[in-house]
Amino acid sequence: MKGLITAVLIISIFCFGKCKKEPMLADCIQQKIDSIKAQPRWNPPAQVDEYIYNRKRVYLFSSDCCDQYNTLYDEACNYICAPSGGFTGRGDGRCTDFKTAAQFVRTVWKDPR
64 MKGLITAVLI ISIFCFGKCK KEPMLADCIQ QKIDSIKAQP RWNPPAQVDE
114 YIYNRKRVYL FSSDCCDQYN TLYDEACNYI CAPSGGFTGR GDGRCTDFKT
164 AAQFVRTVWK DPR
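When we follow the working numbering, the leftmost residue of the sequence shown carries the number 64, and every step to the right adds one.
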């Protein structure tokens, strides 16, 4: 019995902070990813990154080619802005503080093709 308790404690300590499940994606974000998957591979490959911006969970979608905006959506797939990309590389100018204010959480998906 003592060995079982020790094993459970060791596993709990080892997993603390590492065994968390990733949060579920909103259906509309997954649908956007599925839509990209149905297209030919982008160059550069498509990528979706999750951030915390203005105390909200947001998703940055890379563009499918050069000089196009990288678009930022909230969890309900409402367009927020384009923080980067375009001809200037500075996006659409609607969220100029994104680089400094946003906190990177994780890469949600990157096209492996």
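Check before you lean on any hint, since a few could be wrong.
Said to hold, decoys possible - Straight-line alpha carbon distances no greater than 35 Å define the calculated DSBU-like cross-link-like pairs of lysine-lysine that follow:
hint, residue 1, residue 2
1, Lys119, Lys162
2, Lys95, Lys173
3, Lys95, Lys162
4, Lys162, Lys173
5, Lys173, Lys100
6, Lys119, Lys100
7, Lys119, Lys95
8, Lys173, Lys119
9, Lys162, Lys100
Read the hints as simulated data drawn from the structure, not as lab findings.
These are the hints, each one checked on the structure:
1. Lys119 <-> Lys162: Holds: Lys119 and Lys162 sit about 15 Å apart, inside 35 Å.
2. Lys95 <-> Lys173: Holds, because 13 Å separates the two Cα atoms, which is no more than 35 Å.
3. Lys95 <-> Lys162: Since the Cα atoms of Lys95 and Lys162 sit roughly 23 Å apart, the hinted pair holds (cutoff 35 Å).
4. Lys162 <-> Lys173: At roughly 20 Å apart (the allowed maximum being 35 Å), Lys173 and Lys162 satisfy the hint.
5. Lys173 <-> Lys100: holds (10 Å)
6. Lys119 <-> Lys100: holds (26 Å)
7. Lys119 <-> Lys95: Since the Cα atoms of Lys119 and Lys95 sit roughly 19 Å apart, the hinted pair holds (cutoff 35 Å).
8. Lys173 <-> Lys119: holds (22 Å)
9. Lys162 <-> Lys100: Holds - the C-alpha atoms of Lys100 and Lys162 are around 27 Å apart, at most 35 Å.
Of the numbered hints stated above, none is contradicted by the structure.
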